[in-house]
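Trainee: Residue-level listing of the chains:
Protein chains: 2
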Amino acid sequence: MSQPLKDVVIVGAGFAGLSAARELAGAPVNVTIIDQQNHHLFQPLLYQVATAALTPAEIAVPIRHVLRRQSNAHVLMDRVRGVDADRQEVMAESGRAVRYDALVLATGARHSYFGKPHWAEHAPGLKTLNDAFGLREKILTAFEQAEIVVADDPEAARRFQTFVVVGAGPTGVELAGAIAELAQSVMRDFRRIDRNQNRIILLEGGPRVLPTFADSLSERAARDLADLGVDVRTGAMVTDITAGSVTTDQGEIHTETVIWAAGVQASPAGKWLGIPVGRSGHVEVDATLRPEGFENIYVIGDTARHEANGSALPGIAPVAKQMGIYVGRRLAKLASGQVPSNGFRYSDAGALATIGRNRAVADIFGLKVKGFAGWLLWGAAHVYFLIGFKNRLFVLLQWLWSYLTWQRGVRLIMHREVGEGSGDA
Amino acid sequence: MSQPLKDVVIVGAGFAGLSAARELAGAPVNVTIIDQQNHHLFQPLLYQVATAALTPAEIAVPIRHVLRRQSNAHVLMDRVRGVDADRQEVMAESGRAVRYDALVLATGARHSYFGKPHWAEHAPGLKTLNDAFGLREKILTAFEQAEIVVADDPEAARRFQTFVVVGAGPTGVELAGAIAELAQSVMRDFRRIDRNQNRIILLEGGPRVLPTFADSLSERAARDLADLGVDVRTGAMVTDITAGSVTTDQGEIHTETVIWAAGVQASPAGKWLGIPVGRSGHVEVDATLRPEGFENIYVIGDTARHEANGSALPGIAPVAKQMGIYVGRRLAKLASGQVPSNGFRYSDAGALATIGRNRAVADIFGLKVKGFAGWLLWGAAHVYFLIGFKNRLFVLLQWLWSYLTWQRGVRLIMHREVGEGSGDA
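The listed protein sequences derive, respectively, from chains A and B. Here the first sequence is numbered in this note's numbering, starting from 1 and rising by one per residue. Here the second sequence is numbered in this note's numbering, starting from 1 and rising by one per residue.
Only true hints are included.
One copy or two, either will do: identical chains are not told apart, so a pair holds if it fits within one copy or between any two.
Computed cross-link-like contacts, SDA-like style, restricted to lysine to any residue with a CA-CA straight-line distance of at most 25 Å:
id	residue 1	residue 2
1	Lys-6	Lys-321
2	Lys-6	Asp-189
3	Lys-6	Glu-295
4	Lys-138	Arg-357
5	Lys-368	Ala-317
6	Lys-138	Arg-96
7	Lys-333	Tyr-346
8	Lys-138	Arg-79
9	Lys-138	Thr-32
10	Lys-321	Ala-381
Rather than coming from a laboratory, the hints here were simulated on the basis of the structure.
Please work from the sequences and hints to get the whole structure.
Mentor: What follows is the structure in structure tokens.
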């Protein structure tokens, strides 16, 4: 590099960005990490917030707190609007320009609606705490609404008791299973609505659930979902979503709650760099995780598209984490005047998905684990990777509590606006 | 009563309404409890949610869950719009009319701004989980903003580091103390802003903090607040609040965060009944907690104004709870054809207020307790009265954790809108 590497700017404090920042502890650089949120989010458990099993604080931790002992790290809560690669500056919403010698873009992904952005309004997805919060609100309110209308309008109640999840990847499967369990558990507190009217429908365009898993695990997951009462419909392509209904090539479903767990769209990092990106917005990166033509800019995590053995790496936490560690180490070496290591290589430990209480499928180092053993493995892995000892402890306690009592701890509806002077009634 | 007492409708599931409902367990009536929220809220600890010490789920519990074993109780999440006393019906927002033989209005209170409703925008109050959430957001964001601007604009940073609480009743005192502690604790994670620039100012129009407590306890509370770094200003009347500033008769304070803990305004129950109410909207009730001219309507809790020994009872949880129990018992007797008991009599056990870690003042059965002993008493009382064993357990654990580690568990900023396709950066 033509100039000394002193200022490293990392945009995004997800698994990728935070791993890069931590890897730079002790390196002779200033690290500035910019995120529009004040917290790092443990996304793999986000669906448990959406289904009232965990509270937001149990899966999120202030970025400042994670980095409090790393003296070369500075955190800015701000939103990035663009990158000026010539001046080596990141432009933030606050008007600040942050100079960098090396830039790491780890800005994640959002949902995409296959070119139908207007579906978003009726079928929210699940990427942020806000999303989870909104979903929790929506799901819990649906039961309340059903209870209000059931006597006068059983058809409407049935719509409120119908939940449709679109997409049967790990998030969709976990959500459908968790909603089925939530429905079972809350029904004990309702008096009027009929539990037999609850329907949880999982729609998948492909031929099987968990398409990236082995066939045997897909089959087991589908069976486990059916046991929980989830109506799994594979080969069902969604053709329209409106208020109150989802249409697939197999017919129309009347529902007040649709959740989107299908496509994703990368962050606009490609646009910031002015480089061509595909339809999903991913930035193609080379073996050193840099887009072509950029000496000192790295793109990692869900925004990056990196091919290994002929296929792109999936947008999952372990990939993001390993990419962050790779770039962090590389920059640490460069800053110390050392020759950086070889290209990035992903070490694939496998994949996990939980379907519900006692049920999960795991494919770990080639070993296929199902049922209760899979579930224990899944729980241990997730608690282990939670950042911060306190969160681990409290998540374990929450789970233990829920497991023993069959109660959901966080059934709160909070977003409803309170009118002037109307009290708490 | 001219007709059999069969249907009891309770509006509001705060301390008053919920106590009345529970007292009716086993009585030969149908109880319908209507609330616009799905949860009962433990308001005395709301300030701890606003200051990131507790999570919402720890102080709130679904109303349905509280009443799940009370087979004669039905819960409706709906908003009441009016009462038709002639037809004996409550009108709800959903369009439903709910018939009653006896009606209990326990719809609480909101803040009032002494005839300056436009202050509300700049000086939010603290009555609901939403309020607490918004305040937490506002306080935590202020530190983040200060960190962003401090290098370029130290004056602005100082405004962001200044927190003003208006009103030194228990809520104001507890908030000011908790913000001072939060400021101390979060400052360890910030790099640029100067902790000596933090200012927490408590404004009180009267001559002393905690005006309803004994003089000696007021003095102790003021001293404890000063120890925590709170700038207590008594005899300071607020004359104006705008974006960025509070003006009192003592001068102007530049600040981005003002919290209102001064006046309250009763719910519109009086309006629903078409009876004259005072400026604060309270409904005057007789010894049986009924407004004049209504045979089968009770008004209890913060909406009611009930005189005992020449002065009105304060709007606090124990009063609300005892009123609820009284009305519940009265209705149970009436429903069973028994002669109801005597008039309501409030049994005053005293009052408590906490200032911070290790510091509280209590006036229990005439005994004045301060400092660490007061704090233990305060903690025990609050945990004891939390509804639901799980909440008690988790609140204790959270407190213990915070106490031992000096950490705030819930420092999350969640409400910031995430733009389209901008990822989690």
